[in-house]
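Novice: The residues making up each chain are set out below.
There are 2 protein chains.
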Amino acid sequence: MNNLFDDIPDTVLEELSDTLVETPSVRIERIVSFNHASSEDFWYEQEQNEWVVILQGRAKILFAGEKFPLEMGLGDFVNIPAHQRHRVEWTTPDGPTIWLAVFYSKRK
Amino acid sequence: MNNLFDDIPDTVLEELSDTLVETPSVRIERIVSFNHASSEDFWYEQEQNEWVVILQGRAKILFAGEKFPLEMGLGDFVNIPAHQRHRVEWTTPDGPTIWLAVFYSKRK
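Protein chains in written order, with our numbering: chain A, 8 to 115; chain B, 8 to 115.
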């Protein structure tokens with residue numbers, strides 16, 4: 008794959024992720040969601056920071072302690088510090104939501 | 008800025024770059040070019056690897072030793088190893104070309 012919009016299946020039952028770059032301190036992933044939400048009561052809590060942008064579609068991310076989710080569309084990005092608990096509340100049912108995520112360590 | 012398509016000036020005389028994340032081992036930049044080419048005989052030769060994708064516009068990157076440039080459009084990405092000499096031959100005069108670049112160290 009050399010284009011972020013290639014190889015998008017018509018339907019995606021589980022979130023689909025492709026690792027584009029991986030070193031001990033950085034990992035770049037293309038993630039495809041489709042009408043996807045984290046399982047009830049599931050929270051991501053990651054060892055690495057995550058910078059993530061939406062390249063197609065729409066999503067709502069809820070951060071622990073917040074009442075309302077962050078609504079994201081094309082081009083919107085957010086930086087999620089390591090260990091900040093968050094979950095995907097919703098991605099649009101109208102088509103694939105394509106994310107580009109950069110996971111990175113802070114100290115190295 | 009929290010959207011990659013925000014704050015794009017109508018014209019850009021020099022390439023414009025905004026650093027979105029910076030740690031000792033990773034730097035994420037939004038770069039805007041407009042009808043831009045590297046100065047004649049100028050070659051980038053970087054200490055870090057660079058993974059770069061085009062989010063709007065079109066560009067041609069020439070790698071040292073290659074006869075023809077790599078033509079890139081929306082969603083196309085390329086991974087440029089540290090010290091691989093390259094130059095931007097051309098970006099479209101039809102509007103801004105928006106790049107997302109992740110510079111990263113290999114060993115850390």
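Just so you know, the hints here were simulated from the structure itself, not pulled from any lab data.
Note that the Cβ used here is the ideal one computed from N, Cα and C, for glycine as well.
Any given hint could turn out to be false.
[Stated by the list, open to error] If you want the footprint, here are the derived chain B segments under chain A, 3+ residues with CB under 8 Å: (1) 13 to 22; (2) 27 to 36; (3) 64 to 75; (4) 99 to 112.
Novice: State for each hint whether it applies.
Specialist: The hints, checked one at a time:
no.	hint	in the structure
1	13 to 22	violated (count 1)
2	27 to 36	holds (count 7)
3	64 to 75	violated (count 0)
4	99 to 112	holds (count 4)
Taken one by one, the earlier hints fail for this structure at numbers 1 and 3, listed in ascending order.
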